Amino acid sequence: MSVKLLEIRDLSVQYRGVEALNGVSLDIDVGDYIGLAGTNGSGKTTLVKAILGLVPFAGTISFQSRSLREFVATKHIGYLPQKMSFLDQRFPATAKEVVVSGVFCCKKFPKYLTRDDYKAAFQAMDILGIADLANRMIGRLSGGQQQRVLLARALVHSPQLLILDEPTEALDPQSRETFYSTVERLNKENGVTVLLVSHDIGSIGKYASKMIYLDRELVFYGTFEEFCKSSKMTDYFGAGQHIICHKHQ
Amino acid sequence: MALPKDVMIEIFTEIQESLQYAFVQRAIIAGCFMALGCSFLGVFLVLRRFSLIGDGLAHVSFATVAVALLLDAQPIVVSIPLVALASLVVLHLSENARVHGDAAIGLVSSFGIALGVIIASTAGGFNVDLFSYLFGNILSVSSLEVWLTIGISLLVVLVTTLFYHDLFSITFDEDYAQVSGIKVKVVNRILILLASLIVVLGIKIVGTMLVSSLIILPAISALQIMRSFKATMALAGVFAVASVIVGIFTSYVLNYPSGATIVMVNFGFFVGSFVLDRFIR
Numbered sequence: 001m002s003v004k005l006l007e008i009r010d011l012s013v014q015y016r017g018v019e020a021l022n023g024v025s026l027d028i029d030v031g032d033y034i035g036l037a038g039t040n041g042s043g044k045t046t047l048v049k050a051i052l053g054l055v056p057f058a059g060t061i062s063f064q065s066r067s068l069r070e071f072v073a074t075k076h077i078g079y080l081p082q083k084m085s086f087l088d089q090r091f092p093a094t095a096k097e098v099v100v101s102g103v104f105c106c107k108k109f110p111k112y113l114t115r116d117d118y119k120a121a122f123q124a125m126d127i128l129g130i131a132d133l134a135n136r137m138i139g140r141l142s143g144g145q146q147q148r149v150l151l152a153r154a155l156v157h158s159p160q161l162l163i164l165d166e167p168t169e170a171l172d173p174q175s176r177e178t179f180y181s182t183v184e185r186l187n188k189e190n191g192v193t194v195l196l197v198s199h200d201i202g203s204i205g206k207y208a209s210k211m212i213y214l215d216r217e218l219v220f221y222g223t224f225e226e227f228c229k230s231s232k233m234t235d236y237f238g239a240g241q242h243i244i245c246h247k248h249q
Numbered sequence: 001m002a003l004p005k006d007v008m009i010e011i012f013t014e015i016q017e018s019l020q021y022a023f024v025q026r027a028i029i030a031g032c033f034m035a036l037g038c039s040f041l042g043v044f045l046v047l048r049r050f051s052l053i054g055d056g057l058a059h060v061s062f063a064t065v066a067v068a069l070l071l072d073a074q075p076i077v078v079s080i081p082l083v084a085l086a087s088l089v090v091l092h093l094s095e096n097a098r099v100h101g102d103a104a105i106g107l108v109s110s111f112g113i114a115l116g117v118i119i120a121s122t123a124g125g126f127n128v129d130l131f132s133y134l135f136g137n138i139l140s141v142s143s144l145e146v147w148l149t150i151g152i153s154l155l156v157v158l159v160t161t162l163f164y165h166d167l168f169s170i171t172f173d174e175d176y177a178q179v180s181g182i183k184v185k186v187v188n189r190i191l192i193l194l195a196s197l198i199v200v201l202g203i204k205i206v207g208t209m210l211v212s213s214l215i216i217l218p219a220i221s222a223l224q225i226m227r228s229f230k231a232t233m234a235l236a237g238v239f240a241v242a243s244v245i246v247g248i249f250t251s252y253v254l255n256y257p258s259g260a261t262i263v264m265v266n267f268g269f270f271v272g273s274f275v276l277d278r279f280i281r
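Line order of the protein sequences matches chains A and B. The opening residue of the first sequence carries number 1 in the working numbering; numbering runs sequentially from there. The opening residue of the second sequence carries number 1 in the working numbering; numbering runs sequentially from there.
A couple of the hints might just be wrong.
List time: in silico EDC-like cross-link candidates among lysine to aspartate or glutamate, alpha-carbon distance up to 20 Å [claimed, not checked]: (1) A/LYS75 <-> A/ASP29; (2) B/LYS183 <-> A/GLU70; (3) A/LYS206 <-> A/GLU169; (4) B/LYS230 <-> A/GLU7; (5) A/LYS75 <-> A/GLU7; (6) B/LYS230 <-> B/ASP277; (7) A/LYS119 <-> A/ASP132; (8) A/LYS4 <-> A/GLU70; (9) A/LYS75 <-> B/GLU174; (10) A/LYS188 <-> A/ASP32; (11) B/LYS185 <-> B/ASP102; (12) B/LYS230 <-> B/GLU174; (13) A/LYS108 <-> B/GLU174; (14) A/LYS206 <-> A/GLU184; (15) A/LYS111 <-> B/ASP102; (16) A/LYS107 <-> A/GLU70; (17) A/LYS4 <-> A/ASP27; (18) A/LYS229 <-> A/ASP215; (19) A/LYS107 <-> B/ASP175; (20) A/LYS210 <-> A/GLU70; (21) A/LYS75 <-> B/ASP175; (22) A/LYS4 <-> A/ASP32; (23) A/LYS107 <-> B/GLU174.
Output of the computed footprint for chain B on chain A, the stretches with three or more beta carbons under 8 Å from beta carbons of chain B [what the hints assert, rightly or not]: (24) 89-102; (25) 108-119.
The hints are simulated quantities; they were obtained by calculation from the structure and are not laboratory data. Computed from a predicted structure; not experimentally measured. Beta carbons are placed, not taken as given, at the ideal position from N, Cα and C, and that holds for glycine.
Make the full structure from the sequences, and use the hints.
So, in structure tokens, the structure goes:
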């Protein structure tokens, strides 16, 4: 029997009077690997921001049956933002310093790091195969390595839900494959629930078990196979447009 | 090329003699604490592309000093609240208006200079007092200013230590810091208010024109060679304090203006770090 991790009911978000999301309702179960797709401006990032508590919203979002209006879920959520293209090559921080900063969400003032925090950071780096990069400067790492460092930062406080916001946009195909394989392993072996925001429906189909398609409102929510066969989606994309799905081995 | 032994002895004797003067002792104490505070803040400000905040606020302080001189009030008493207010305006503009951080600094900076010039001309032109604030004179700091500098610098060190992890997180990735539950706006305001305090005190030491160099130069010198954040802050502090000590003694021995000499020593550290980095890599 599936256990609900996140329940979203009638979620609406407005930015200065402009509707960004309208009446979205969906559930995310523990252990799900969900792809979140949609065109630019479809509300993908707004949905993520609402879950992270960064934008005011109407409706309800509950994390493990507790309303996000009553408690902060960031301690239970790992977040990997879009590739930090602005990352300064000369930023004076080692990979270890960046990864361990992931525990700050769970600390109260005055924050200080313990030996256990560094242990957790090394464990997260070890899981992602980047332990040997611990003392390297973040700006001197390759794009794929940097992204894995940021993923380790998102994982260091052992979150139950991992939100990846277009994580592979700036990566080459090989780094992209490595990254997705790592996330898949985290989902299957470590039981981390994953919400992957991506334009890349192919990658979602390859790795995710379910798919959300947004266009300011919920257009589709189901398995990828259902998405491929959905007459609703065929209607949505319009006559003459086809969804071609093929199974990756 | 080493200096002849007798010249070296003469220089050391002169330095030793200088230390007997109370004004030199005050200059070194105030300068070192000021340098420490500036360099700690500098690392965060430089990395957050707010390097010129010192310059902008110094220009505002030029106007506030002019106001103080016009009202025959203590410049520091008038400057601290007004420059703090200006720093919050810069932050508010960059956060809420369609004005980038550097443009917001430029806006407040030019306003400060223009206001200062108008007030000075209304009061009968530039006088010696106002001119001394343009270029500073560390050798003329009063005991009160020394204590204020120690207090503010220790406050900077304390706050940057207590908020170190939050400041690091915000400096590296502001969006992620916000997601992590860090009160980004509050921490930003604390940082910028500390910068305004240190700038007001700094104009007495190196002057309006050069105060931002105490914030920028030690930080970018340390950034050339350091690979971790804490080490960068520590080295920036060392560079800043060393530049004040070497600068004051050099200016005393060679009879150069102290503020400008401190800046030149800082510049020397930057060149040295830049060259060293090329060897390390």
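Okay, the hints, checked on the actual structure:
1. In summary, the hint linking A/LYS75 to A/ASP29 is supported, as the alpha carbons are separated by about 18 Å, within the 20 Å threshold.
2. Between B/LYS183 and A/GLU70 the CA atoms are separated by roughly 18 Å; this keeps the pair inside 20 Å, and the hint holds.
3. Restraint check: the Cα-Cα separation between A/LYS206 and A/GLU169 comes to about 16 Å, which is no more than 20 Å; the hinted pair holds.
4. Of the supplied pair hints, the one linking B/LYS230 and A/GLU7 is violated, its CA atoms being roughly 42 Å apart against a limit of 20 Å.
5. The hinted pair formed by A/LYS75 and A/GLU7 meets the criterion: a straight-line CA distance of about 17 Å does not exceed 20 Å.
6. For the hint pairing B/LYS230 with B/ASP277, the CA-to-CA distance comes to about 18 Å; that is within 20 Å, so the pair holds.
7. Between A/LYS119 and A/ASP132 the alpha-carbon distance is near 14 Å, which keeps this suggested pair within the 20 Å criterion.
8. Taking the CA atoms of A/LYS4 and A/GLU70, the gap is near 18 Å; set against the 20 Å cutoff, the hint holds.
9. Proximity of A/LYS75 to B/GLU174 is assessed by CA-CA distance (about 17 Å); at most 20 Å being required, the pair is judged to hold.
10. Between the alpha carbons of A/LYS188 and A/ASP32 the distance comes to roughly 9 Å, so the proposed pair stays at or under 20 Å and holds.
11. Proximity of B/LYS185 to B/ASP102 is assessed by CA-CA distance (about 18 Å); at most 20 Å being required, the pair is judged to hold.
12. Restraint check for B/LYS230 and B/GLU174: satisfied, since their Cα atoms lie roughly 19 Å apart, inside the 20 Å limit.
13. Restraint check for A/LYS108 and B/GLU174: the C-alpha separation of about 18 Å stays at or below 20 Å, so the hint holds.
14. At roughly 10 Å between alpha-carbon atoms, A/LYS206 and A/GLU184 fall within 20 Å of each other, so this suggested pair holds.
15. Distance check on the hinted pair: A/LYS111 and B/ASP102 sit about 31 Å apart at the alpha-carbon level, beyond 20 Å; violated.
16. Among the hinted pairs, A/LYS107 with A/GLU70 is consistent with the structure: their alpha-carbon atoms are about 19 Å apart, no more than 20 Å.
17. A C-alpha spacing of about 7 Å is found between A/LYS4 and A/ASP27, which places the hinted pair at or below 20 Å, so the restraint holds.
18. At most 20 Å may separate the alpha-carbon atoms for a hinted pair to count; A/LYS229 and A/ASP215 meet this at roughly 19 Å.
19. At most 20 Å may separate the alpha-carbon atoms for a hinted pair to count; A/LYS107 and B/ASP175 meet this at roughly 18 Å.
20. A C-alpha spacing of about 28 Å is found between A/LYS210 and A/GLU70, which places the hinted pair above 20 Å, so the restraint is violated.
21. At roughly 16 Å between alpha-carbon atoms, A/LYS75 and B/ASP175 fall within 20 Å of each other, so this suggested pair holds.
22. A distance of roughly 10 Å separates the Cα atoms of A/LYS4 and A/ASP32; the hinted pair therefore holds under the 20 Å criterion.
23. Taken as a hint, the A/LYS107 and B/GLU174 pair is honoured in the structure, with Cα atoms around 17 Å apart against an allowance of 20 Å.
24. Here the segment 89-102 of chain A counts 9 residues with a CB under 8 Å from a CB of chain B, which clears the bar of 3, and the coverage holds.
25. A count of 5 residues in the segment 108-119 of chain A with a Cβ less than 8 Å from any Cβ of chain B is obtained; the coverage claim is therefore met, three being the minimum.
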